[in-house]
Amino acid sequence: MTILLEAQNLSRYFGPNVAVKNIDLTVKRGEILGFLGPNGAGKSTTMKMLSGNLAPDEGQIHINGFDLLSQPKQAKAQLGYLPENPPLYRELTVNEYLQHCARLNQLKGKQLKSAVETVIERCGLGDVQRRLIGQLSKGYQQRTGIAQAIVHNPAVVIFDEPTSGLDPLQIRQIRELIRELANEHSVILSTHILPEVEMLCDRVQIISKGQVMFADSLKALHQQRLNSSLRITLSAPPPLNELQALTNVSSVESVSANQFRILYHPEQDPTENLIASAVSKHWHLQELVREQDSLEDIFMHLIKDDAPLAKVTN
Amino acid sequence: MWCVARLEISRLFLSPFAWIMLALVQFLLAYMFLSHIEYFAQIQGQISAIPGAPGVTEMIIAPLLSNAALVLLLIAPFITMRAFADEHRNHSLPLLISAPLSASQIVLGKYLGYLGFFLLQLVLIALMPLSLLAGSAIDLYQFGVSMFGLFLLVASFLAAGIFLSSLTTQPIIAAVMTFCLLFLLWIIDFAAASAVSGQINWLAWLSLLGHFQPMLAGQINSVDLSFFALFCVVFILMTIRRLDAARLGL
Chain Y
2 MTILLEAQNL
12 SRYFGPNVAV
22 KNIDLTVKRG
32 EILGFLGPNG
42 AGKSTTMKML
52 SGNLAPDEGQ
62 IHINGFDLLS
72 QPKQAKAQLG
82 YLPENPPLYR
92 ELTVNEYLQH
102 CARLNQLKGK
112 QLKSAVETVI
122 ERCGLGDVQR
132 RLIGQLSKGY
142 QQRTGIAQAI
152 VHNPAVVIFD
162 EPTSGLDPLQ
172 IRQIRELIRE
182 LANEHSVILS
192 THILPEVEML
202 CDRVQIISKG
212 QVMFADSLKA
222 LHQQRLNSSL
232 RITLSAPPPL
242 NELQALTNVS
252 SVESVSANQF
262 RILYHPEQDP
272 TENLIASAVS
282 KHWHLQELVR
292 EQDSLEDIFM
302 HLIKDDAPLA
312 KVTN
Chain C
127 MWCVARLEIS
137 RLFLSPFAWI
147 MLALVQFLLA
157 YMFLSHIEYF
167 AQIQGQISAI
177 PGAPGVTEMI
187 IAPLLSNAAL
197 VLLLIAPFIT
207 MRAFADEHRN
217 HSLPLLISAP
227 LSASQIVLGK
237 YLGYLGFFLL
247 QLVLIALMPL
257 SLLAGSAIDL
267 YQFGVSMFGL
277 FLLVASFLAA
287 GIFLSSLTTQ
297 PIIAAVMTFC
307 LLFLLWIIDF
317 AAASAVSGQI
327 NWLAWLSLLG
337 HFQPMLAGQI
347 NSVDLSFFAL
357 FCVVFILMTI
367 RRLDAARLGL
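Protein chains in written order, with the working numbering: chain Y, 2 to 315; chain C, 127 to 376.
These aren't lab readings, by the way, just hints derived from the structure by calculation.
In this text, all values refer to a predicted model and were calculated from it rather than measured experimentally.
Cβ atoms here follow ideal geometry from the backbone N, Cα and C, with glycine treated the same way.
Some hints here could point you the wrong way.
Unchecked claim - Pair ranges (Cβ atoms, derived):
1. 373(C) / 25(Y): 17 to 25 Å
2. 256(C) / 166(Y): 53 to 61 Å
3. 306(C) / 71(Y): 39 to 47 Å
4. 25(Y) / 147(C): 46 to 54 Å
5. 363(C) / 18(Y): 28 to 36 Å
6. 136(Y) / 295(C): 44 to 52 Å
To be verified - A short, non-exhaustive set of chain C residues, derived as facing chain Y with CB atoms under 7 Å:
7. 129
8. 137
9. 140
10. 141
11. 214
12. 218
13. 220
14. 223
15. 355
16. 373
Said to hold, decoys possible - Below are the DMTMM-like pairs computed for lysine to aspartate or glutamate, each with C-alpha atoms no more than 25 Å apart in a straight line:
17. 111(Y) / 85(Y)
18. 22(Y) / 164(C)
19. 139(Y) / 212(C)
20. 139(Y) / 92(Y)
21. 74(Y) / 350(C)
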């Protein structure tokens, strides 16, 4: 697959403070990259650098083959950017605003008209297109911001915390929209909301204190989990040590009189063994739930350590 | 560049601000215009006997445009304060920065947008003296030069205003700074007048008023033209530098 955005060795200092150090980043066509980190980790700084709003002190950025620093115009034409605060003009209507945005991105005449119509439809702005942006709800303003970023059909779209400050329904709609966008564009999504990343992204990059702690697919992230467990409910439970004695079980905790948590090594799954024993020994298995380490646990684990835990791969 | 200018103009005219400003300036100047006419009508009988007496152009149009210059000096800061300070506060600057535009296109676009707005204002102002054509002859050449002078003056106000607007994130600070700078350059002439003659009078050379007054009298001096051109170019270049510097984080 073609690589649409590539950044190498990005560093940025604010005076003596290091905001971002040696960050590498690649996004392929049709991919959503989640850019994850706690507040103040350097997410927004990186997004600003990628969108040309801030020049990096070191490093290079290529967007669809154009160097952002030496060919800024060509590179920026391939780029849509939604900053943390959507760049809206409150005195314009949605339609006027999007027309100006398209014009700023060098669209003209018929092309401009159809681009604006398409984007209004895609972002569900049809009902509000004649209203002033200043009077719209936060959700619609955010959508207008997204529409602005994609009106010129860019190769790469960068969203900086697109769902902050929205209600759950709006968050869901915006997530669906982003998912849909990824069919044609590459998307970089910066966020600190973990379920969002789990739901949307193909790959994650976790940064903390300006450095990359983890960069791989979401699948690999899950394989990294530290231990795996099953939660079972038995209405006629055996003594604890009988469960403990089953093959591949590393330890057993009792949650309540009937509920147990069985820990095991990720490569040695005891589920089948357990079910067979439960049936043959009449433990009356009622519930069996596979408990996974949430992304949150992995995230917390990664950012707690100072040194990168995983080898950084792309 | 033109798309930025267009955006600026449509934003100006979609807010009541621009309309109110056009209307109030017109009202103020119309009042002055009428009082000048009244004064001229009173003394017309007395001065008509004197050979080479000042005519309508000197007695009505020149003072009117001189007043107009002062009024425009007062309102220009409120228009230019929007240029960058307002965008910073609004967080809307990334829209322009991430668009495929260079810093100079953004700055020039905004500058042209505001210039377009003031051009309209000047046309409205020019209508008043032109209405005198209905009842009197006016010196169209002198009037033309005066209007051109007024245009150059406004262009300089805007260049300075845009630069000062790029220095701060508070629109009102930008407006106050612009007003102070322009007013200083306006009155710096007073100090220059009292300077000892024979010295190179650089204070007088800096004065915006000093370069505008000959044009009101119908003179086009290359010194004045180059002053205004230099003034605009320097401030626009500084604004472009400033915008680039913000990106570099200096």
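Hint check:
no.: 1; hint: 373(C) / 25(Y): 17 to 25 Å; in the structure: holds, 22 Å
no.: 2; hint: 256(C) / 166(Y): 53 to 61 Å; in the structure: holds, 54 Å
no.: 3; hint: 306(C) / 71(Y): 39 to 47 Å; in the structure: holds, 40 Å
no.: 4; hint: 25(Y) / 147(C): 46 to 54 Å; in the structure: holds, 52 Å
no.: 5; hint: 363(C) / 18(Y): 28 to 36 Å; in the structure: holds, 31 Å
no.: 6; hint: 136(Y) / 295(C): 44 to 52 Å; in the structure: violated, 25 Å
no.: 7; hint: 129; in the structure: holds, 4 Å
no.: 8; hint: 137; in the structure: holds, 6 Å
no.: 9; hint: 140; in the structure: holds, 5 Å
no.: 10; hint: 141; in the structure: holds, 5 Å
no.: 11; hint: 214; in the structure: violated, 11 Å
no.: 12; hint: 218; in the structure: holds, 4 Å
no.: 13; hint: 220; in the structure: holds, 5 Å
no.: 14; hint: 223; in the structure: holds, 5 Å
no.: 15; hint: 355; in the structure: violated, 28 Å
no.: 16; hint: 373; in the structure: holds, 5 Å
no.: 17; hint: 111(Y) / 85(Y); in the structure: violated, 31 Å
no.: 18; hint: 22(Y) / 164(C); in the structure: violated, 73 Å
no.: 19; hint: 139(Y) / 212(C); in the structure: holds, 20 Å
no.: 20; hint: 139(Y) / 92(Y); in the structure: holds, 15 Å
no.: 21; hint: 74(Y) / 350(C); in the structure: violated, 37 Å
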